[in-house]
Amino acid sequence: MGNIDGIRENFKFIVSETQMQVHRIYDFVKHPTSEAYEKAVNRESYINNLKMIIENKCYACIHAHGDMDTRSLNRVRAVLSITANLERICDVCINILEQMGYLAERRILRDSEYSPMFQVIEESLDLVSRALEESSLPKALRICRSEYILDALYRSSFERLTSLINSSREGAGNCITAIFIYRYLERIGDMLLNVGEAILFAVLGQRIKIEQFDSLRQTLENSGYTGAFENINFQAIWGSRSGCRIGKIENAGEGRMSEHASLYKEGAPKKILREKENLEKWDALFPGSVPRIYGYNADEDRSSLLVEFLSGCGFDDLIILRDGATVANAFFVLEKTIQHIWEKTLDPGPVAVNFIQQLQQRYDEVRQVHPEFAQRSRLSIGKAHVPSVQSLIEQCREYEKNLCAPFSVLIHGDFNTNNIIYDHEEQIVRFIDLYRSKQYDYVQDVSVFLVSNFRRPIFDPLLRGRLNRGISEFHSWALQFAREKEDETMQARMAFALARSFFTSIRFEMNQAFAGELFMRAAFLLESISAHGRTGGPWQTFTFPPDILYYTA
Amino acid sequence: MAAEKKFIFESLQDIKSICSFLDAITNGMKTGKVMLSSADECIEMHPSGLLHMSIKAKKKGGNNKIGFKIQWKESSSQEQNITLSVGK
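Sequence order for the protein chains is V and X.
Taken in order, the first sequence gives residues 1 to 553; the numbers are from our numbering.
Taken in order, the second sequence gives residues 1001 to 1088; the numbers are from our numbering.
Just so you know, these hints were derived from the structure itself, not from any lab.
There's no promise every hint is true.
Unchecked claim - Far from chain X by the CB rule (all over 12 Å, computed), these chain V residues: (1) I53; (2) N74; (3) K383; (4) A384; (5) S388; (6) A405; (7) H424.
Stated by the list, open to error - Here are the computed distance ranges between Cβ atoms for each label pair: (8) X:C1019 <-> V:T543: 18 to 28 Å; (9) X:K1058 <-> V:P545: 16 to 26 Å; (10) V:F459 <-> X:T1026: 49 to 59 Å; (11) V:G324 <-> X:T1031: 55 to 65 Å; (12) X:F1009 <-> V:A64: 48 to 58 Å; (13) V:F180 <-> X:C1042: 24 to 34 Å; (14) X:M1035 <-> V:K281: 55 to 65 Å; (15) X:S1020 <-> V:S311: 48 to 58 Å; (16) V:L321 <-> X:M1035: 49 to 59 Å.
As the list claims (entries may be wrong) - Quick list of in silico lysine to aspartate or glutamate cross-link-like pairs, EDC-like style, CA-CA up to 20 Å: (17) V:K270 <-> V:E280; (18) V:K270 <-> X:D1014; (19) X:K1060 <-> V:D460; (20) V:K336 <-> V:E486; (21) V:K383 <-> X:D1040; (22) X:K1065 <-> V:D547; (23) V:K485 <-> V:E335; (24) X:K1059 <-> V:D547; (25) V:K51 <-> V:D91; (26) X:K1073 <-> X:E1004; (27) X:K1033 <-> X:D1014; (28) V:K383 <-> X:E1004; (29) V:K39 <-> V:D91; (30) X:K1006 <-> V:E372; (31) V:K12 <-> V:D91; (32) V:K51 <-> V:E9; (33) V:K30 <-> V:E123; (34) X:K1065 <-> V:E517; (35) V:K383 <-> X:D1014; (36) V:K30 <-> V:E134; (37) V:K383 <-> X:E1044; (38) V:K438 <-> V:E343; (39) V:K270 <-> V:D126; (40) X:K1016 <-> V:E335.
Here a beta-carbon is modelled for each residue, glycine too, at the ideal position from N, C-alpha and C.
Bound conformation, chain V alone (with noise of 0.2 Å):
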């Protein structure tokens, strides 16, 4: 047990078995006999054991080599996964025999249409073992698009029997018994497109759907990419916060990138374009501040972007694990960095800020994950009271009205360290994920900085210790840009921002006592604005305490 061999070769068992039941249920369709619909229904435990057998080995397989390559660890789970589709479509096949008995009237059955369908069906299944042998991906894209053309063949044949119900020339119930077995052919198709993307999965290392794979293909072909797709290495394709699929592309053969790794961005059209124009304002702007753009495409539903990888250290990496003198040194570049770009952007006019609003937008989420916190109620301890949180959210959101940032400039928009990569060899910072990025209050860039450090659950003392650190550094030197520019508000507006930062991220975190922090800071801003908004005070004289931005582990 256990041995790859050993799968393969029931692999290919399960492979003809499904083949041969496809082909007997072909020719029960356009024959039907007793000895037929026998002989099809007493191999459906066979290939069920047959399943089980291969599962068996596959989860032995893993066990047994607990070092296993991920390669060969992908092939398993692919293997897996198309056995228990080849193992549906063998039930489907039961499923079409049985609706066969309801037929009243078998010509309601056209050659010409069932026929087109098991072709299709048939040549894919043909595919399949040679598909995963030879890692082939042309072999994996037609099983997968014989989904497509069932789903036409179904099409037209539910035309043509629902006019005829409509018609009242043919009986109902068999017109909709025959619908019934097309519909089964056709879901046939939804198994090999499942079948089809797990052969994608094995050579190319990742789960990629197909529409997915050809929005990639089309921007990698708009980049002027030439090569194979085998010999592109998709190193990490993950979900990322933002709702786009990221994954870093690495060439491993011939081709126009290969000297550059990149990063395949895949999402809302609407984002895309955004991160797009942004990283051209961006590169006009500030040269070399962020990833080249290689491709774009465009799509009604999804578009796709490939970018330069940036090579160097996110800044979220560099403040745990580098030591104190490049730490320090990174800060001073970013610091000078940003310095330059807030001061080459900065427009004099005021800014109305909305950071309550951003937290509203957001609110659902966080209740979602912890209604305990976004839904505490109104509490009385004697005669003191604590307001509810959403009519603190509200009356804060009242209060900010009122308030505007003195001059806006270019900011990132979404300035979590890990947008921030730090080049040492160059000395150099630079900037990746800006679809956010627009003109507006720089306070908001310095409060998600400061809570993306905050909010990390490292809880070693030492390393705290690091992120406090980074804190400090961040925050002293923003308060310094705020007295220079003679901002007055920036206070204020810190709070806001924060409170919106604070409370926003609860959602990503599931420790409940983390979470706890989060929200008691949040609470706490939301509070100190309201109790000084209700005094009608200017906000010029607004404070807060600077230990709310540090946690000790």
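Following the hints, put chain X in place on chain V, whose structure we already have.
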């Protein structure tokens, strides 16, 4: 058995706010009625007679804690208490 009633409020506060919460409780104690309520729960307490009080303080490194606890029984089977904690 009577259902347990619980009131929990955990927060960050400045000294001024903490004093106003403490005042609210001591004022209630003086009048013989301390009310604690949220949208779902309302606890009315009537501290009287002989009450058990404990004050605990701890200081370790940078961590400080003051615990203030008052416990009493209304009858032989019922017990009530108020716990106040300050610091961490």
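Contradicted hints - numbers only:
Going through the list in order, the structure violates hints 3, 4, 5, 10, 13, 18, 27, 28, 36, 39, 40 and respects the others.
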